[in-house]
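Assemble the whole structure, with the sequences as input and the hints as a guide.
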Amino acid sequence: MALRTLASRKTLAAAARPLASAVSASRGVTTFTLPDLPYDYGALEPAISGEIMRLHHQKHHATYVANYNKALEQLDAAIAKGDAPAVVHLQSAIKFNGGGHVNHSIFWNNLKPISEGGGEPPHGKLGWAIDEDFGSFEALVKKMNAEGAALQGSGWVWLALDKEAKKLSVETTANQDPLVTKGANLVPLLGIDVWEHAYYLQYKNVKPDYLSNIWKVMNWKYAGEVYENAAA
Amino acid sequence: MAAFASALLLLPLPPAAAHPQQRQLRSREQRQGCRSRRYSKVVAYYGLTTPPYKLDALEPYISKRTVELHWGKHHQDYVDRLNKQLATSMFYGYTMEELIKEAYNNGNPLPEYNNAAQVWNHHFFWESMQPEGGGSPEGGVLQQIEKDFGSFTNFREEFIRSALSLLGSGWVWLALKRKERKLSVVHTQNAISPLALGDIPIINLDLWEHAYYLDYKAVIISFKLFRKAAFETSQRIRVLRVNLDQR
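Line by line, the protein sequences give chains C and H.
Sequential numbering from 1 applies to the first sequence in this note's numbering.
Sequential numbering from 1 applies to the second sequence in this note's numbering.
Derived by calculation from the structure, the hints in this document are not laboratory data.
Glycine included, every Cβ here is placed at the ideal spot set by N, Cα and C.
Some hints here could point you the wrong way.
Unchecked claim - Going by beta-carbon spacing under 8 angstroms, a handful of chain C positions derived as facing chain H:
| no. | residue |
| --- | --- |
| 1 | Ser-154 |
| 2 | Glu-196 |
| 3 | His-197 |
| 4 | Leu-201 |
| 5 | Gln-202 |
| 6 | Tyr-203 |
Said to hold, decoys possible - The calculated DSSO-like cross-link candidates involving lysine-lysine, where the alpha carbons are at most 27 angstroms apart (straight line), are:
| no. | chain 1 | residue 1 | chain 2 | residue 2 |
| --- | --- | --- | --- | --- |
| 7 | C | Lys-207 | H | Lys-147 |
| 8 | C | Lys-95 | H | Lys-217 |
| 9 | H | Lys-73 | C | Lys-142 |
| 10 | H | Lys-64 | C | Lys-204 |
| 11 | H | Lys-54 | H | Lys-64 |
| 12 | C | Lys-204 | H | Lys-73 |
| 13 | H | Lys-179 | C | Lys-207 |
| 14 | H | Lys-84 | C | Lys-204 |
| 15 | C | Lys-143 | C | Lys-204 |
| 16 | C | Lys-59 | C | Lys-95 |
| 17 | H | Lys-217 | C | Lys-207 |
| 18 | H | Lys-182 | C | Lys-143 |
| 19 | H | Lys-177 | C | Lys-204 |
| 20 | C | Lys-207 | H | Lys-64 |
| 21 | C | Lys-59 | H | Lys-54 |
Claimed, not checked - Ranges between beta-carbon positions, derived for each pair:
| no. | chain 1 | residue 1 | chain 2 | residue 2 | range |
| --- | --- | --- | --- | --- | --- |
| 22 | C | Asp-76 | H | Leu-166 | 17 to 27 angstroms |
| 23 | C | Gly-42 | H | Lys-73 | 20 to 30 angstroms |
| 24 | C | Gly-183 | H | Gly-139 | 29 to 39 angstroms |
| 25 | C | Val-180 | H | Gly-140 | 11 to 21 angstroms |
| 26 | H | Ser-151 | C | Ser-115 | 14 to 24 angstroms |
In structure tokens, the structure reads:
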């Protein structure tokens with residue numbers, strides 16, 4: 001728990017404000033705060049080390065949140081001034097840092113300690129949909145691992161629900177592009193971070209080992225709930 | 001055919017027995033008359049070039065462990081994957097620079113591009129650094145930097161700014177823009193190289209997380225920077241010392 005001091009402090013500060021814990025308002029600009037993890041940093045070991053989780057949350061995610069808020073404040077100022085080029089220029093920082101915040105917030109919920117049910121394959125409607133759209137659960141895992149391993153540079157591999165086609169698909173996005181950049185009809189059920197910072201301290205260059213181990217701590221209950229809400 | 005094969009060796013040979021751990025993958029040539037029919041013709045693939053210094057020579061800026069992995073695993077993997085592709089590729093027999101330009105395919109890269117460019121980019125990265133380097137460049141490069149950036153300090157600041165504003169994996173370069181006849185600082189995503197765009201790289205810095213994560217994590221990069229004296233016939237390489245505040 002000691003490792004989580006920073007996050008806890010942030011969460012407490014956010015909770016003290018009148019709005020919901022993830023969002024707060026100052027000077028008219030909506031700002032975001034780093035969400036707390038639903039488990040301890042070391043709780044996903046040995047699949048993902050506590051050191052990776054701590055840095056990933058306290059440094060990487062926290063930096064995306066800070067830079068997202070900064071960009072939003074700059075955007076607010078640019079809009080107030082009617083500075084059209086500045087508004088356009090800020091789009092890449094908003095997409096990158098906002099995407100980083102959105103993606104990591106999903107990612108933390110996608111993981112769960114084994115003792116709490118992490119790694120248990122999906123049941124219910126999502127389980128059926130996976131069999132129907134990919135043939136089997138194993139085929140889905142194989143496909144996501146292959147796409148994750150083949151992704152050049154930094155990015156994410158997703159299990160998505162296409163709300164319109166009512167079909168599951170595997171998607172990849174570059175850098176911190178959130179899934180919504182590939183279509184508003186796509187709902188992220190699972191996202192796997194394949195940036196090197198997500199595994200390098202533990203797995204070094206062996207990305208396939210990271211990809212095969214992460215399924216041991218996958219929170220399919222969460223994915224199933226998102227699926228049922230979105231498919232309803 | 002033998003001459004053709006040796007033309008593939010664009011990259012300089014490593015110093016003999018520079019490092020015991022180095023893998024001698026270079027130019028796997030099998031000549032006529034070999035026992036195996038499979039190797040009955042001359043074949044030549046790319047080899048992993050060795051950094052021109054010991055693997056711990058960049059400490060404390062870049063650790064031996066990082067270089068071991070970065071060179072011995074990442075760079076090696078790109079070489080291996082390229083060679084595997086070349087076994088059945090239309091690009092077999094191209095020089096590395098031709099291959100990179102052709103496979104870039106005007107911005108719609110063919111499968112070989114990524115591996116070839118990353119082999120070259122990493123080779124160039126190792127060549128761009130030198131232990132006990134630092135300070136300011138001299139001669140033609142310095143004159144050109146002063147002409148195009150106003151001063152060496154301006155160039156350095158722009159280089160750092162460009163590095164920090166890269167979103168995701170990639171490289172930052174000092175490159176000579178061929179058309180403009182001007183030095184320029186550019187950053188590129190993933191495996192993109194100024195070579196593919198027809199420009200001339202002078203120095204590069206790897207900004208993939210694997211280049212610095214073990215040593216610097218997400219916090220601060222205190223990097224050594226370097227230049228490749230491409231304007232000078234001497235090919236002397238110096239290192240500039242630069243601090244990069246990480247994103």
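For each hint, the structure was consulted:
Interface restraint check for C/Ser-154: the shortest CB-CB distance to chain H comes to about 4 angstroms, inside 8 angstroms, so the restraint holds. Checking C/Glu-196 against chain H: minimum C-beta separation of about 4 angstroms stays under 8 angstroms; hint holds. Here the hint on C/His-197 is kept, as its CB sits about 5 angstroms from the closest CB of chain H, short of 8 angstroms. Restraint check, C/Leu-201 versus chain H: the minimum CB separation of about 7 angstroms is within 8 angstroms; hint holds.
For C/Gln-202, the shortest C-beta to C-beta distance to chain H is roughly 11 angstroms, which exceeds 8 angstroms, and the interface hint is violated. Among the interface hints, the one on C/Tyr-203 is violated; its C-beta lies about 11 angstroms from the nearest C-beta in chain H, farther than the 8 angstroms criterion. Among the hinted pairs, C/Lys-207 with H/Lys-147 is inconsistent with the structure: their alpha-carbon atoms are about 44 angstroms apart, more than 27 angstroms. A C-alpha spacing of about 23 angstroms is found between C/Lys-95 and H/Lys-217, which places the hinted pair at or below 27 angstroms, so the restraint holds.
Distance restraint check for H/Lys-73 and C/Lys-142: the Cα-Cα separation of roughly 24 angstroms lies within the 27 angstroms cut-off, and the hinted pair is therefore satisfied. Using a Cα cut-off of 27 angstroms, the hinted pair H/Lys-64 and C/Lys-204 holds, with the two alpha carbons roughly 14 angstroms apart. For the suggested pair H/Lys-54 and H/Lys-64, the alpha carbons sit about 9 angstroms apart, so the restraint of at most 27 angstroms is met. For the proposed pair C/Lys-204 and H/Lys-73, the alpha carbon gap of about 9 angstroms is at most 27 angstroms, so the pair holds.
Distance restraint check for H/Lys-179 and C/Lys-207: the Cα-Cα separation of roughly 40 angstroms exceeds the 27 angstroms cut-off, and the hinted pair is therefore not satisfied. The suggested pairing of H/Lys-84 with C/Lys-204 holds, with an alpha-carbon distance near 23 angstroms, which does not exceed 27 angstroms. Taken as a hint, the C/Lys-143 and C/Lys-204 pair is honoured in the structure, with Cα atoms around 22 angstroms apart against an allowance of 27 angstroms. Distance restraint check for C/Lys-59 and C/Lys-95: the Cα-Cα separation of roughly 19 angstroms lies within the 27 angstroms cut-off, and the hinted pair is therefore satisfied.
A distance of roughly 18 angstroms separates the Cα atoms of H/Lys-217 and C/Lys-207; the hinted pair therefore holds under the 27 angstroms criterion. With a CA separation close to 46 angstroms, the supplied pair H/Lys-182 and C/Lys-143 exceeds the 27 angstroms bound. For the hint pairing H/Lys-177 with C/Lys-204, the CA-to-CA distance comes to about 35 angstroms; that exceeds 27 angstroms, so the pair is violated. A distance of roughly 21 angstroms separates the Cα atoms of C/Lys-207 and H/Lys-64; the hinted pair therefore holds under the 27 angstroms criterion.
With a C-alpha separation of about 32 angstroms, the suggested pair C/Lys-59 and H/Lys-54 falls outside the 27 angstroms cut-off, and the hint is violated. The supplied range of 17 to 27 angstroms is met by C/Asp-76 and H/Leu-166, whose beta-carbon atoms lie about 26 angstroms from each other. In this structure the supplied range 20 to 30 angstroms holds for C/Gly-42 paired with H/Lys-73, their Cβ-Cβ distance being about 27 angstroms. Remark: the range hint 29 to 39 angstroms for C/Gly-183 to H/Gly-139 is contradicted by a beta-carbon distance near 54 angstroms.
For the pair C/Val-180 and H/Gly-140, the beta carbons lie near 50 angstroms from each other, so the given range of 11 to 21 angstroms is not met. Distance hint check: the CB atoms of H/Ser-151 and C/Ser-115 are about 60 angstroms apart, inconsistent with the given range 14 to 24 angstroms.
Of the hints listed earlier, those the structure fails to meet are numbers 5, 6, 7, 13, 18, 19, 21, 24, 25, 26, in rising order.
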